[in-house]
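K.L.:
Chains as they are written, first to last, in the working numbering: chain A, 632 to 962; chain B, 103 to 534; chain C, 13 to 289.
A hint or two may mislead.
[Unchecked claim] Chain C residues, not near chain B, derived (Cβ > 10 angstroms throughout):
#, residue
1, Asn-15
2, Arg-28
3, Ser-36
4, Ala-47
5, Gly-66
6, Lys-79
7, Glu-94
8, Gly-191
[Unchecked claim] Okay, derived cross-link-like pairs now, DSBU-like style, lysine-lysine, Cα gap no bigger than 35 angstroms in a straight line:
#, chain 1, residue 1, chain 2, residue 2
9, A, Lys-699, C, Lys-229
10, B, Lys-446, A, Lys-704
11, A, Lys-699, B, Lys-282
12, C, Lys-88, A, Lys-704
13, C, Lys-272, A, Lys-704
14, A, Lys-704, C, Lys-215
15, B, Lys-282, B, Lys-319
16, C, Lys-177, A, Lys-699
Just so you know, these hints were derived from the structure itself, not from any lab.
The structure presented is a predicted model; accordingly, all values stated were derived computationally and were not measured.
Glycine residues also receive a C-beta, built at the ideal position from the N, C-alpha and C atoms.
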Amino acid sequence: MSEIISQSVLRGLAAEWIAGGKSVAGPARVKPDLVLYRTLRSGDDLLLEGFQRPSNSIKDFLFPKAEKLYGYKIHGNSIELIENDSPEPAQVIIAARPCDAAALPILDHVFNWDFHDEFYNRRRAATTVVTLACSAHDENCFCTSVGLDPGSERGSDAILFALGSGQYEVRCATEKGHALFDGKTEKSERTGKAIAGPEKRFDAKAVRAFVTTHFEDPFWNEHALTCIGCGTCAFSCPACHCFDIVDAGPAAGNARVKTWDSCQFSTFTAHASGHNPRPVQATRQRQRILHKFAIYPEKFGEILCTGCGNCARNCPVGLGVLSVATEINHG
Amino acid sequence: MSKAQEFEPKIVAYVCNWCTYLGADLAGTARLEYPPNVRIIRLPCTGRIDFNLIIKALEVGADGVLVSGCHPGDCHYTAGNYHARRRWILFRELLDTLGIDLRRIQFTWISAAEGRKWQQVVTEFTDQTRKLGPYKELYATGPFPDVPAPETASPGVKSFAAESELREVCGKLLAEGTVKVVIGYGARGPVVVTRAEDAERLVWNNRCFSNLTAYLKRKEIKSLGKAAVIVKPCDEKSLVELEKEAQFERKDAHVIGMACEGVDQPKCAHCTARTPRFADVTLGVEAGPEPQTSPSPNRFAALMAMPPAERMAFWTEEFNRCVKCYACRQVCPMCYCERCIVDKNRPIAIDPAPSTKGNFAWHIARAFHLAGRCVGCGECSRACPAGIDLALLNISLHIAAQKNFGYEAGIDPKAEPVIGSYTLHDTEAFIR
Amino acid sequence: MDNVYKPDLMEVTRIRQETPDVKSVSLRFLDSERARNFSFRVGQFGIFSAFGYGESTFNICSSSNWKDHIEFCFRKVGRVTEALWKIEEKDVVGFRGPYGNGYPMEAWKGRDLIFLGGGIAMPPIRCAVWYALENRADYGEITVVYGARTVADLVFLDELDEWSKAERVRIIRCVDPGGETPDWKGEIGFVPHVFERAQVAAKDPVVLVIGPPIMIKNTLPILDKMGVKPASVYTSIENRMKCGIGKCGRCNVGPIYVCKEGPVLTMEQLQGLPADY
Ligand SMILES: Cc1cc2nc3c(=O)[nH]c(=O)nc-3n(C[C@H](O)[C@H](O)[C@H](O)COP(=O)(O)OP(=O)(O)OC[C@H]3O[C@@H](n4cnc5c(N)ncnc54)[C@H](O)[C@@H]3O)c2cc1C
Ligand code: SF4
Ligand code: SF4
Ligand code: SF4
Ligand code: SF4
Ligand code: FES
Ligand code: FES
Numbered sequence: 632m633s634e635i636i637s638q639s640v641l642r643g644l645a646a647e648w649i650a651g652g653k654s655v656a657g658p659a660r661v662k663p664d665l666v667l668y669r670t671l672r673s674g675d676d677l678l679l680e681g682f683q684r685p686s687n688s689i690k691d692f693l694f695p696k697a698e699k700l701y702g703y704k705i706h707g708n709s710i711e712l713i714e715n716d717s718p719e720p721a722q723v724i725i726a727a728r729p730c731d732a733a734a735l736p737i738l739d740h741v742f743n744w745d746f747h748d749e750f751y752n753r754r755r756a757a758t759t760v761v762t763l764a765c766s767a768h769d770e771n772c773f774c775t776s777v778g779l780d781p782g783s784e785r786g787s788d789a790i791l792f793a794l795g796s797g798q799y800e801v802r803c804a805t806e807k808g809h810a811l812f813d814g815k816t817e818k819s820e821r822t823g824k825a826i827a828g829p830e831k832r833f834d835a836k837a838v839r840a841f842v843t844t845h846f847e848d849p850f851w852n853e854h855a856l857t858c859i860g861c862g863t864c865a866f867s868c869p870a871c872h873c874f875d876i877v878d879a880g881p882a883a884g885n886a887r888v889k890t891w892d893s894c895q896f897s898t899f900t901a902h903a904s905g906h907n908p909r910p911v912q913a914t915r916q917r918q919r920i921l922h923k924f925a926i927y928p929e930k931f932g933e934i935l936c937t938g939c940g941n942c943a944r945n946c947p948v949g950l951g952v953l954s955v956a957t958e959i960n961h962g
Numbered sequence: 103m104s105k106a107q108e109f110e111p112k113i114v115a116y117v118c119n120w121c122t123y124l125g126a127d128l129a130g131t132a133r134l135e136y137p138p139n140v141r142i143i144r145l146p147c148t149g150r151i152d153f154n155l156i157i158k159a160l161e162v163g164a165d166g167v168l169v170s171g172c173h174p175g176d177c178h179y180t181a182g183n184y185h186a187r188r189r190w191i192l193f194r195e196l197l198d199t200l201g202i203d204l205r206r207i208q209f210t211w212i213s214a215a216e217g218r219k220w221q222q223v224v225t226e227f228t229d230q231t232r233k234l235g236p237y238k239e240l241y242a243t244g245p246f247p248d249v250p251a252p253e254t255a256s257p258g259v260k261s262f263a264a265e266s267e268l269r270e271v272c273g274k275l276l277a278e279g280t281v282k283v284v285i286g287y288g289a290r291g292p293v294v295v296t297r298a299e300d301a302e303r304l305v306w307n308n309r310c311f312s313n314l315t316a317y318l319k320r321k322e323i324k325s326l327g328k329a330a331v332i333v334k335p336c337d338e339k340s341l342v343e344l345e346k347e348a349q350f351e352r353k354d355a356h357v358i359g360m361a362c363e364g365v366d367q368p369k370c371a372h373c374t375a376r377t378p379r380f381a382d383v384t385l386g387v388e389a390g391p392e393p394q395t396s397p398s399p400n401r402f403a404a405l406m407a408m409p410p411a412e413r414m415a416f417w418t419e420e421f422n423r424c425v426k427c428y429a430c431r432q433v434c435p436m437c438y439c440e441r442c443i444v445d446k447n448r449p450i451a452i453d454p455a456p457s458t459k460g461n462f463a464w465h466i467a468r469a470f471h472l473a474g475r476c477v478g479c480g481e482c483s484r485a486c487p488a489g490i491d492l493a494l495l496n497i498s499l500h501i502a503a504q505k506n507f508g509y510e511a512g513i514d515p516k517a518e519p520v521i522g523s524y525t526l527h528d529t530e531a532f533i534r
Numbered sequence: 013m014d015n016v017y018k019p020d021l022m023e024v025t026r027i028r029q030e031t032p033d034v035k036s037v038s039l040r041f042l043d044s045e046r047a048r049n050f051s052f053r054v055g056q057f058g059i060f061s062a063f064g065y066g067e068s069t070f071n072i073c074s075s076s077n078w079k080d081h082i083e084f085c086f087r088k089v090g091r092v093t094e095a096l097w098k099i100e101e102k103d104v105v106g107f108r109g110p111y112g113n114g115y116p117m118e119a120w121k122g123r124d125l126i127f128l129g130g131g132i133a134m135p136p137i138r139c140a141v142w143y144a145l146e147n148r149a150d151y152g153e154i155t156v157v158y159g160a161r162t163v164a165d166l167v168f169l170d171e172l173d174e175w176s177k178a179e180r181v182r183i184i185r186c187v188d189p190g191g192e193t194p195d196w197k198g199e200i201g202f203v204p205h206v207f208e209r210a211q212v213a214a215k216d217p218v219v220l221v222i223g224p225p226i227m228i229k230n231t232l233p234i235l236d237k238m239g240v241k242p243a244s245v246y247t248s249i250e251n252r253m254k255c256g257i258g259k260c261g262r263c264n265v266g267p268i269y270v271c272k273e274g275p276v277l278t279m280e281q282l283q284g285l286p287a288d289y
């Protein structure tokens with residue numbers, strides 16, 4: 632026995648959630664050639680088919696590109712801090728890809744080892760993730776090389792499997808998932824199944840072995856020569872989480888703001904003295920791969936990459952984790 | 103409305119130290135009465151009034167901005183105001199494209215002796231601004247009609263005939279030691295080839311999007327030795343501008359030009375370049391100047407047909423997607439500053455956060471720093487992961503440079519660059 | 013909400029200009045509860061902030077035995093430090109911390125201590141010296157070699173005099189050749205050379221060396237000749253930081269997050285790490 636839901640009921644539900652004051656995000660077509668996860672205005676905004684995956688990731692809704700940490704007022708020589716303590720509105724992310732959802736447990740570690748980032752945690756607690764299992768993969772997908780697959784439930788509260796003719800099987804994985812769908816689905820005999828994943832493209836262990844032993848290696852320079860250091864890979868990655876804390880003063884509204892940052896930027900590690908431990912692009916590319924395949928795994932036991940392929944799809948010059956990893960693995 | 107509630111506009115006046123400031127001073131000592139709404143900010147010369155300041159004034163709540171300096175011919179630094187006038191001409195067009203209300207910005211010349219003119223200008227501008235009401239429309243959202251989307255790249259790969267010749271030529275250049283590296287296209291994107299046998303990796307097809315001249319500035323590439331760079335006729339234009347700006351010397355690179363059949367980018371529909379003009383060697387079948395395909399619907403015209411408020415709403419929505427990755431800057435061949443204005447922090451001129459203000463400020467700065475310099479290669483739009491139609495801003499300034507100064511970037515190596523030069527008869531129509 | 017990024021507000025109680033571009037600042041918590049509960053280990057750092065300008069990382073350079081205030085000492089180099097340069101007594105700054113591991117002062121008990129510092133490296137050494145002097149019986153011979161480019165660049169000079177009055181303490185001041193003044197009474201030369209010349213007789217000492225990379229590099233062979241093992245040589249790493257709490261991804265040297273697992277590392281640890289600092 633399974634629980635199923637039709638596309639129109641699903642859209643209706645999304646509309647209901649929106650009407651009920653929830654913030655609902657999901658894939659939407661922004662331009663003819665651009666699909667992004669964005670806040671949906673209506674159930675009809677939701678795009679369910681006809682694209683590989685959105686160009687951004689669902690991290691936008693848990694770890695936004697700019698987050699005010701606190702404001703301050705300056706009265707003479709005293710300072711008043713102003714915090715926003717209002718509760719996070721409930722949020723549903725619908726039709727997330729498995730490679731997006733799987734990044735949330737990864738981010739959970741970062742935002743909670745010793746110190747707890749409540750900005751992230753509060754959003755996380757207020758968010759329900761409804762994943763849509765993939766029905767296609769493209770040449771940039773490589774979830775299977777990092778231990779995931781197109782039907783992975785990791786990080787999802789509920790997961791939908793397309794049954795064809797506008798029907799989906801709904802499997803709820805958590806209480807939050809049940810809260811959304813219980814009583815909204817129909818019983819059925821049909822069960823869904825994700826497609827077979829892309830063929831394994833590289834051996835992550837071999838990549839880790841290489842990066843931990845080849846810190847100084849001509850490979851990095853050769854590989855990074857065409858990288859322009861734009862950071863697009865990091866910004867569209869569901870797992871990348873580097874940030875900056877900026878304070879632009881009164882013109883920016885007297886606030887400390889956490890903003891996305893990227894290890895691909897030349898100023899990322901630059902010291903005030905002019906010294907920069909990572910002076911050239913090769914060292915920055917190395918850091919990105921090292922972080923994903925060795926540093927993070929050493930700390931938290933898993934790879935800092937879900938194989939979504941966004942870094943390659945968005946890179947203006949055709950690089951990305953997949954190309955580096957395959958080059959490392961296959962020489 | 104009672105008297106007390108009547109709206110009193112806040113006006114910021116940027117004035118030069120030598121003429122207008124003294125003129126305003128004279129108005130004061132002569133006890134000429136004028137509205138107290140103006141906050142005067144004194145700068146050395148109109149040539150030093152950065153466009154960022156004008157925007158900043160509006161951002162922090164000014165309802166109108168007055169910019170004033172010495173009359174043409176009277177500038178204390180000889181030509182500061184001529185340079186300023188040129189920038190204002192272009193800047194107004196950019197602001198108009200963004201939907202910023204040009205009635206909120208008044209440019210004037212007021213000399214040290216013209217206390218009375220100061221009185222008049224301030225009075226009239228204050229009255230006008232009072233009638234316009236508070237400037238609430240700045241960066242406001244709202245409905246706007248669709249702008250036709252640029253054509254998208256077709257998925258397939260179509261190799262062009264000159265590919266094998268290209269590999270041969272590059273292999274030979276490397277083998278003979280004429281160059282140490284070839285910057286070209288590979289299957290996935292740009293490649294840097296240093297060994298003759300690797301010339302086989304080069305491709306020439308409808309997916310050769312990148313403007314490879316952007317790599318010439320990169321230290322890592324420079325350190326490899328003399329480079330051959332493969333250019334499409336459109337990319338070649340950036341070499342013309344870079345050479346004018348002393349960023350590039352022909353002897354430092356071997357330019358391999360490709361006669362071009364189009365690479366499935368929006369710009370190709372309008373392209374009349376088609377055949378390289380200055381390359382050391384040109385490969386492929388030389389083509390005529392007429393565009394290959396019929397031009398796509400005119401997006402810029404559609405944008406400009408909207409009323410300003412709708413244009414503003416359009417840009418607010420576009421810019422709100424910006425994540426400040428700066429890929430648009432990184433791919434641009436003409437963005438070569440050692441340290442970009444957004445990476446400077448003393449002072450911070452542009453809010454580094456991807457906030458509405460911060461994004462507008464960034465996009466205004468990016469577009470305007472490229473005024474009269476952008477060669478329309480389209481790389482910024484292509485690179486943007488948020489799909490922001492940056493080309494529309496570039497087109498706006500391109501048209502402005504052409505219309506006002508007859509200048510087209512990347513065409514005539516001898517033509518004087520628009521910014522950095524001036525004539526005595528640049529238009530004055532918008533200056534009081 | 014428990015906001016880990018929210019700073020404590022601290023009042024500036026004293027400012028001293030140490031050199032033309034270095035100042036030291038004393039702070040006290042405005043919140044008396046926080047002041048009572050606050051404790052830290054020498055060698056830890058804080059993220060200090062000037063409102064309207066941003067945050068910056070500095071060592072807490074006071075001793076952890078001083079209960080009523082903390083101190084930091086900074087060189088004017090950029091946006092935040094320029095803003096801090098302008099603060100006055102009674103102004104309020106932000107403080108987050110203490111962060112990082114600090115020096116293992118417990119483990120150092122019973123050992124001879126050698127402190128080698130160059131330039132602005134004095135603040136992170138100073139706190140440890142004071143701590144050791146305040147617990148004098150716990151430690152053996154103490155040697156401090158401190159140098160700067162010129163006489164004008166030496167910080168905490170008066171405290172050096174004070175330290176030298178304590179028992180079993182040897183203080184050696186030096187300036188780079190050409191940086192001396194006519195009445196300079198200290199040594200002339202670079203810290204490693206001056207240290208070598210001084211022939212410090214220490215048995216199995218703990219060495220804390222902080223300074224520019226070149227100074228550290230030239231010091232290591234000398235220590236090696238003295239038979240000091242890399243596990244007994246400590247330094248404090250200054251990778252660029254933003255969050256200070258292991259989140260922002262900026263400060264790592266290989267797998268080590270300097271803000272959490274550092275900034276204090278031994279040479280033995282560093283030798284096993286990639287040169288990412
Ligand atoms: C653990 C630790 C302890 C430290 N302890 C101390 C201490 O006790 N005392 C001390 O003085 N310092 C200390 N530092 C160093 C100190 O943190 C930096 O010097 C300080 O943060 C500089 O801040 P700033 O805002 O003034 O500089 P910023 O303006 O932020 O400049 C710093 C960085 O900004 C960038 N930058 C921006 N604009 C420019 C430009 N025009 N040119 C060049 N770079 C530019 C550069 O990347 C530069 O590295 C410590 C650092 C660490 C990590
Ligand atoms: S590194 Fe690339 S493939 Fe991996 S999760 Fe990030 S964007 Fe996706
Ligand atoms: S790999 Fe690509 S997306 Fe990432 S920084 Fe380099 S050029 Fe940009
Ligand atoms: S601004 Fe854009 S279109 Fe113009 S030269 Fe730069 S990358 Fe090309
Ligand atoms: S490339 Fe796009 S998202 Fe990135 S900074 Fe430029 S406009 Fe913004
Ligand atoms: S000095 Fe007045 S405009 Fe140049
Ligand atoms: S300073 Fe942010 S991770 Fe270490």
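K.L.:
Decide, hint by hint, whether the structure agrees.
P.N.:
Hints, verified against the model:
1. Asn-15: At about 18 angstroms from chain B, C/Asn-15 clears the 10 angstroms cut-off, so the statement holds.
2. Arg-28: With a cut-off of 10 angstroms, C/Arg-28 remains clear of chain B, as the shortest Cβ separation is near 24 angstroms.
3. Ser-36: Its Cβ never comes within 10 angstroms of chain B, the nearest being 23 angstroms, so this holds.
4. Ala-47: At roughly 32 angstroms from the nearest Cβ of chain B, C/Ala-47 sits farther out than 10 angstroms, so the non-interface label holds.
5. Gly-66: violated, 8 angstroms
6. Lys-79: Holds, since 36 angstroms exceeds 10 angstroms.
7. Glu-94: violated, 7 angstroms
8. Gly-191: The claim holds: C/Gly-191 sits with its nearest Cβ about 28 angstroms from chain B, beyond 10 angstroms.
9. A/Lys-699 to C/Lys-229: violated, 42 angstroms
10. B/Lys-446 to A/Lys-704: holds, 25 angstroms
11. A/Lys-699 to B/Lys-282: violated, 49 angstroms
12. C/Lys-88 to A/Lys-704: holds, 25 angstroms
13. C/Lys-272 to A/Lys-704: With Cα atoms ~31 angstroms apart, C/Lys-272 and A/Lys-704 stay inside 35 angstroms; holds.
14. A/Lys-704 to C/Lys-215: violated, 55 angstroms
15. B/Lys-282 to B/Lys-319: Answer holds: B/Lys-282 to B/Lys-319 is near 16 angstroms, not above 35 angstroms.
16. C/Lys-177 to A/Lys-699: Cα-Cα ~51 angstroms, so violated.
Hint compliance for this structure: hints 5, 7, 9, 11, 14 and 16 are not met, and every other hint is.
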